[in-house]
Structures are given as structure tokens and as C-alpha cells.
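Novice: My request is simple: use the sequences and hints to build the entire structure.
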Amino acid sequence: MSKMGVTASQTVGPFLSIAMRSEGQEYLVPRNSKNAIKIQGIVYDGEGTPVPDAVIEIWQANINGKYDHPEDTSDNELIEGFSGFGRSCTNNEGQFFFVTQKPGRVNGRGNSLQAPHLAVNILARGMLKQQVTRIYFSDEVQSNAEDPVLNQIDDELERKTLIANFNPNSGLIDEYEFHICLQGENETIFFDV
Amino acid sequence: MTELESYSRESKKDHPPAFYKDYKSTTLRHPKNRAIKIDHTVTEVTGPLFSSVKLESSEGDLSIENGKEAQGQRIFVSGRVLDEGGRPVPNTLIEIWQCNAAGRYLHPNDQHPAPLDPNFVGRGRMISNEKGEYKFTTIKPGAYPWGNHFNAWRPAHIHFSLFGPAFVTRLVTQMYFPDDPLFAFDPIFNSIPSESARKRMISEFDLDTTEPDFALSFKFDFVLRGRQATPFENGA
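Going down the list, the sequences are from chains A and B. Just so we're aligned, residue 0 is where the first sequence starts under numbering that gives the first Met the number 0, counting upward by one. Just so we're aligned, residue 0 is where the second sequence starts under numbering that gives the first Met the number 0, counting upward by one.
The reader is advised that the hints may include incorrect statements.
[Stated by the list, open to error] Computed spacing ranges between beta-carbons, pair by pair: (1) Glu22/A / Lys198/B: 32 to 40 Å; (2) Pro180/B / Phe165/A: 49 to 57 Å; (3) Pro180/B / Ser111/A: 34 to 42 Å; (4) Gln94/A / Lys53/B: 25 to 33 Å; (5) Val140/A / Thr1/B: 25 to 33 Å.
What the hints contain is simulated information worked out from the structure, not anything from laboratory work. C-beta: ideal position from N, C-alpha, C; glycine also.
Specialist: Below is the structure:
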């Protein structure tokens, strides 16, 4: 069968917030809900300057390890009201955040099990196409060691760019820090999906 | 054990590179390391479906704000969302944003000395129907200058954001208008290596779907990534 040509990607440009910023979209769960966590960070360019015109989107399973999507055929249970999608436009300091729950483990290929992770899209002025990465968690040492995607990366420093660090000084809810470096010494690992 | 189907891989000819010298802002915003290729898992073949999002029909009409009409040429922009196999992509969220007829965005960082229109915001949303169809009513956006190089002007365009059925079908693009004299000079448009892929970003004027004495009409179909033939095993 002959295929139709796909529509090409173009940058979101500097005025993405007109359509992409809306109240509450960083909250996948209410801040005061059981098991709520906060993930926050800064997007940096190749000179270490914060990027104020980026949007970060996340897609994740719920705490039971279930995606709200018909192609997740696992027996894990859906949670009413948890869609698994969040969006955060960076502020003038390049900061973004999400309040969510830590996803459970989902199946990998074959018999493998993936560590808890979020799929991440990064879009910005100066980016002609989204970059894709994943957020893993520093307090999931055992499952991270078993994760087939993390295990594709040998370099310890490169692996670390994918891991959100638990903040021991967290307040009422557990906080994790995850910075995104588009370029440079601490460049985030991006995936070709 | 269940089987899931991967999506096709993207061609480098159909999409822009992360670094395109003529678009200066890419210089510090592209990774220098090679992206790591990963197999699709349940994470990549699922994605947000927005089934609980309730939209107002007015969100598909950008030409009226608070009951008052925006300035400029009223147009329809309509078409279908398809996958590479030509199958419709139904019930998918489409978001758009654009400048007004004078080439000015309603955004504090837009300093172009062209007038704002009190009756135009430039933001719309819609969900494709069961056949993958969508239709927006809006105002034809103007061209506008930008700081990329001396006398740089963007061709008139509307920004589109689409999700499709999976994390990997996400697409953000810009739809252009036929015969724009600025195409040849625009690095964002020209960042796409393939000429046919560049042309696919240009809408078509369509007399049949105009509305006499009311609005002109432009047609534009989106083609999102489709499935690869081979399924993979997922989980025990």
C-alpha cells in the first residue's frame, strides 16, 4: 500500500502561550490529594540561559501502572479522573512544574517491566520539532536498574539526565527536581521514537 | 502476552533538522548528542485522548469575540486528520493560534507596530469528528516582520497542534496559504528538506466550500504517523 506523506513539523514559535497556557493544566491531581508529588525544573539553552518560551508536556500511567488508553490491555486499574496528560508553559525564569502521582510500573517489550517513568515532549521557539525524553525517579533504584530503556545508556552521567532527584527538604508533598538542558555539558538525553 | 503495533519511523526528509543555520534561534536550542533510538512500548503507542474535555462550539470560531466581529478577511479552514494509510483520525484535539489580519499577535512580547484588534484573540480548539473532519472559522492572518535577519518577514500562517492516537503521533506545525511571495525567504518554511513535504504545508483555496457573501475557504488535511506492519510482544 502506498503511504501518504506525513505533515511536517514546524516550531511553536514565541507566542505558543496564546493557545497552550491555561489554568490548572499542570495539575494531574489536586495538590492536597493522597500520593500527590511535585516535579519541577528549568529548561536551559546551550549557554545555560533559561528558556522562557517553552512548553513541556507529560504523558504517564497512573499509580497502578495503567494508561487511560484502550491499547493498554493490562489488568491494572484505571483511576477515575486521572487522564495522565499534563502541560506546563515555562515562566520568565524558564521554570515548569507538575503536580501528579508517581506512575506504577508498566510492561516493557517481551517479558520486561519498565521502571516508573513519564514520557516528555519539549517544544519551544527555536525548536523546529519537539524533543522527546523521559523522567525517571531517583528513589526507584531497583526498578531503574531493571529498566530496558535506561539500560540502553551506559554512561552514568548521561543516565542521570533522565532521573528526577528527590528533594529531601520536600514540604507537604514529595518534590522532585528535573532540569532539561537542550544543549551543552549537561545536555539531556533525548530519544528517537 | 498481548501484542501491540509500533508506529512507523519518521523520515529525516519530511521533518526539519534540530539545527537549521538560517533559523538563528535553533543555534543554542538543539542537542548536539545523537538521539537514542528506542523501541515503542505501551508508553509510546498510547497517548492522551481528551475524552473528558468539553469544548464550546464557539471555540472553533475565531472571527467573533464577545459577539463582535474581528477585522479582516473571514475564512474557513477545514479538512481531515488522517494517518499515513489514509485512515481518518477521529476524536482528536486540534488547537490553533495565529496573529490578526494586520500581522499582530495578542501577546505581550509581540512589539510589531501593527494594530491589535479588540475583537480578535487568535486562539481556537476543536475535536475532529468521526470521519476525522474539522472546520474552523477565522480571519486570514497577516504577514509580519521578525528579528531573524535583516528585513525578515514570516509568510502568513496558522499554528496547529494535534495529538492523534498515541504519544508518538504528536504534531505541531504551521499551515500556510497558497502562492505566498514570502516562501522563498522564510527559513522556518524552508527548514523542511523535501520539497513535496514543504508543499504539503500549504493549504488549497477551495471555491466549492466557500460561503457566498460570507467567507472564502481553504482546505488542509493533516497526515499523522501511521502503524508499522509488524506487531510486538508486550508484557508477560
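Novice: Next, verify each hint and record whether it holds.
Specialist: Do the hints match the structure? See the list:
1. Look at Glu22/A against Lys198/B: about 39 Å separates their beta carbons, and that is inside 32 to 40 Å.
2. Between Pro180/B and Phe165/A the beta carbons are some 55 Å apart, a value that agrees with the proposed interval 49 to 57 Å.
3. Here the CB-CB span from Pro180/B to Ser111/A is close to 54 Å, at odds with the stated 34 to 42 Å.
4. At about 30 Å, the CB distance of Gln94/A to Lys53/B agrees with the hint of 25 to 33 Å.
5. Against the hinted window of 25 to 33 Å, the Cβ-Cβ separation of Val140/A and Thr1/B comes to about 29 Å, which satisfies the hint.
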